[in-house]
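We have chain A already, so just place chain B on it with the hints.
One letter stands for each residue in the lines below.
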Amino acid sequence: MKEKLITELNKKYIHHGDYVLKVRDLFSRKQENLSKQDDKFFSKYWQVYAWSAIIGFINNKREVGAQLAHTSSFEFLRISNGSDTIANGLMLMAIGKIEASNSDDILDSRKILTVISEYAEGGAKHVLELRQTPGFEHKFNYADDYFFEIVDRNKEVI
Amino acid sequence: MIINKVIINNFYCFLGENILEFSKGLNIISANNSGGKSQLFNAFYWTFFDKIYSDVDNNSTKKEWKDGSRQIVCPDLLKYKNTESEKINSSVEIVLTNEFHLNDEPKDELIEYTFIKKVVYQKTGDTISIFSKPELTITYIRNGETEFIPQHNQSWFLENIFPSSIRKFMWYQGETMDELYDFSRPSTLKNAINEISYFPIYDNMEKIVKSSSISIDKKIDKELGLQRRLTKSQQTLINNISYKTDKIDKKYESIAEIQSDIDKLQDDIAEEEHKLKGYDKYRDIKAQLNTLESDLSLTKSRIDDLSTNNKESLINKWMLNGCDKLIDASEKNLNILNEEIKKFQNTTNPVPMSLPGPEYVEKMLEDKICYICERPVLDETPEYEALLKRLNDFHDNSNHKVLQDNYTELNRARKRLLSVLPEIDSEIKEKNKVIEALIRKRNGLVNKIAAVYSDSGHDRVIDITAGATTASQILSKMQSLRSAKDRKSDGLRFVKSEIATLEDSLKLDLNEKEKTLVSLDTEFAESIASHYIKMFEKSIGQLRSISYINLINEIQTESNRLYSLYLGGNTQGEIIINDGIRIIDKGTKDVLSDLNTGEIVAQKLAVANAFLSLSEKKMKKSYPIVADAPTSDLDHINTYNLTVNIGNSFDQMIIMSKDYALLDSNERDNLIREAKIVKYYEFKNQLIDINGIDSRTNKKTFITPIK
Chain A
1 MKEKLITELN KKYIHHGDYV LKVRDLFSRK QENLSKQDDK FFSKYWQVYA
51 WSAIIGFINN KREVGAQLAH TSSFEFLRIS NGSDTIANGL MLMAIGKIEA
101 SNSDDILDSR KILTVISEYA EGGAKHVLEL RQTPGFEHKF NYADDYFFEI
151 VDRNKEVI
Chain B
1001 MIINKVIINN FYCFLGENIL EFSKGLNIIS ANNSGGKSQL FNAFYWTFFD
1051 KIYSDVDNNS TKKEWKDGSR QIVCPDLLKY KNTESEKINS SVEIVLTNEF
1101 HLNDEPKDEL IEYTFIKKVV YQKTGDTISI FSKPELTITY IRNGETEFIP
1151 QHNQSWFLEN IFPSSIRKFM WYQGETMDEL YDFSRPSTLK NAINEISYFP
1201 IYDNMEKIVK SSSISIDKKI DKELGLQRRL TKSQQTLINN ISYKTDKIDK
1251 KYESIAEIQS DIDKLQDDIA EEEHKLKGYD KYRDIKAQLN TLESDLSLTK
1301 SRIDDLSTNN KESLINKWML NGCDKLIDAS EKNLNILNEE IKKFQNTTNP
1351 VPMSLPGPEY VEKMLEDKIC YICERPVLDE TPEYEALLKR LNDFHDNSNH
1401 KVLQDNYTEL NRARKRLLSV LPEIDSEIKE KNKVIEALIR KRNGLVNKIA
1451 AVYSDSGHDR VIDITAGATT ASQILSKMQS LRSAKDRKSD GLRFVKSEIA
1501 TLEDSLKLDL NEKEKTLVSL DTEFAESIAS HYIKMFEKSI GQLRSISYIN
1551 LINEIQTESN RLYSLYLGGN TQGEIIINDG IRIIDKGTKD VLSDLNTGEI
1601 VAQKLAVANA FLSLSEKKMK KSYPIVADAP TSDLDHINTY NLTVNIGNSF
1651 DQMIIMSKDY ALLDSNERDN LIREAKIVKY YEFKNQLIDI NGIDSRTNKK
1701 TFITPIK
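From first to last, the protein sequence lines stand for chains A and B. Just so you know, the first sequence maps onto residues 1 to 158 in this note's numbering. Just so you know, the second sequence maps onto residues 1001 to 1707 in this note's numbering.
Everything labelled a hint here was simulated from the structure, so no lab data went into it. One thing to keep in mind: the hints can contain errors.
Below, a sample of chain B positions facing chain A; criterion: calculated Cβ distance under 7 Å [stated by the list, open to error]:
| id | residue |
| --- | --- |
| 1 | K1317 |
| 2 | C1323 |
| 3 | L1326 |
| 4 | N1333 |
| 5 | L1337 |
| 6 | N1338 |
| 7 | E1340 |
| 8 | L1417 |
Just a sample of chain B residues kept apart from chain A, beta carbon distances all over 12 Å, derived [unchecked claim]:
| id | residue |
| --- | --- |
| 9 | E1021 |
| 10 | E1206 |
| 11 | I1258 |
| 12 | N1321 |
| 13 | D1328 |
| 14 | E1374 |
| 15 | S1398 |
| 16 | N1399 |
| 17 | Y1453 |
| 18 | R1487 |
In this text, a Cβ means the ideal position worked out from N, Cα and C, and glycines have one as well.
Here chain A stands alone, though its shape is the one from the complex (with noise of 0.2 Å):
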């Protein structure tokens, strides 16, 4: 008998590629310092995974069939824990990526998921580019940036 779509999902573990690794060693706190004050903007992973796939989903920027060797990292749950608005906003981004031609392509979780962390890489990897580029070596070492980067997108749509 088949389960809802968010019930798989919470139980299933988010795999993840290297990009994603790089980006969430570079702006999230790891564990072990947690209690010690630095300036990294996360502090938690799925919130950097999460904000890598959005920035991968609004970039259009999916790595396709990408490696996602980190496989044991934090369940989606942890997601949905931390804030079902962004969770059910992955989640429906990655449907809106499907091609399906029946139910079963859609409710698939893995598949999702995998979708998911396609942008996340993509996300990713683009991060650590613009990075690259010349006057924005430093691009998200500060909160600020983070708030521009949200409130441009919508004029860059404008």
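Same frame as chain A, but now just chain B:
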């Protein structure tokens, strides 16, 4: 006393030797700010009283009296230019004429006294240090012989010629006039009166006569006792009277003690109040800083809270900003789900709820028996197929249910997100506006705090904290002094009530004595003397109070005369001296408060000068007045009036002021004529080398004698 000459050598802005001659009458020193007036004043004070009025410290513009022996008085030029190990001599010489100091009564024996104060400095590396300590020598010539006032007698001598209780009236700095003498302190008036009149003699006489009266009464009683003319009860009465008189005396003594303690405490309180004047501003500044700083820290923490909050919002929601279309794109796939749901609903009948559940059907298939009709169900039979189909229906139904739930939830999430996401932009703007307003507030507060520091003249928090702590300490000391004074006052009231009881009882005893002893022969020498002593006691008491009233009236009249002179007749009220010194309305006689500074300065000057001028009349002692900027709080006309009239009040006055520097040469000549100015000097602090740098090391005071 007349100051004849001052020779200043290498003292602050006075480079090299500078000679100033003064005469009887009004002497004026005119200079702009930093012209050297106050340093001339300091030259006098340093020489006579070993004090220098200067900045509290390098960080402060506040001034205070400092121990003169520790100050480096030589000019900056010499401090910087002198080469290693070279000695620098600084000295001030003052020549004055005064009545010979050992004469008890003025005999017009005028002696010229020379005061020389010298100090030698040495330069070692960049620092300048005292090579030989400042030393004062006082010499005079009498009967052709040069005499020295020995070192150990110098302070006594200075006290003799400049009594400390009226010294303040002779030497004053306009800017510290308020602090120099305060007539609300009971002892200020009392000490000044004692110094300028023979009034203390009445006090002594009264004491002497009172104690002789007591001792003669005792002698009478003793004599009567010796003559054995008294009965036992009369003897007891006499003893009682003697006992009570003694006790009352002792109580009065203790009253005098308590009273003097109270006066002293009052003086101490006034002293602390005076000290507080220098420090209370720190309390205000500290309070101001505390308010601003707590507001600043609150603002900072609100900014931090909001920033954290914004970050949380960013992570939990805002980072989906602009994802609307991407999310909306899921609609196509969600529609596929919806189509499947509809299709299922159209082709499949829902399983009736009354039928056995899937577990029951599964059991029947497993046991190959229908538990409803109790017939066997064999494989591949139509019954078996029917049960199998029923079981599939259950699965399909359940899958359909999950699909339906998924669709509902996903669609709901999609709609919710699509309604929420467009608001993010304005939400961010709104929150940022609040933060920006707080940041502006924070910057404003930081500026305000900096302004408080710069206004206060201090840039270190420790200075202000130290000042505020000192102020609190002074206040708590005042508090304890006040409560000590209250306790003493309670004690005083108690002793007074005890005296009243004792005096009542003594009065009864004395009446009794008069009645019972009337028959006795009391015509012996002591009793006759007693009548005269009582008469003296009474008349001296009367003389004392008449003399006090007259003296106060004289001071008051003289003060009012001078007060009116100084303000050109335009006084706001008149000076009245009773417990303290106040200005009252001429008509209503009410005390006038909130007077302008000029009025108060004129009043203080008038009273101080009245004391000095009366001292001349009463004690034949005249004092010069040396005043630095006495007119700084007066307007132009009053400065003129004061100058024209003040000279007539005294034998000699030396006034230093910037107010005359404003006059053109005609006005100045008129003033010299009208005010009968005897000496007029102009001080100018200018560059020594005109092409040199603008620095104190290239400046000195140039003295131009105008008259």
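message: Hints numbered earlier in the text: which of these fail when held up against the supplied structure?
response: 6, 12, 13, 15, 16
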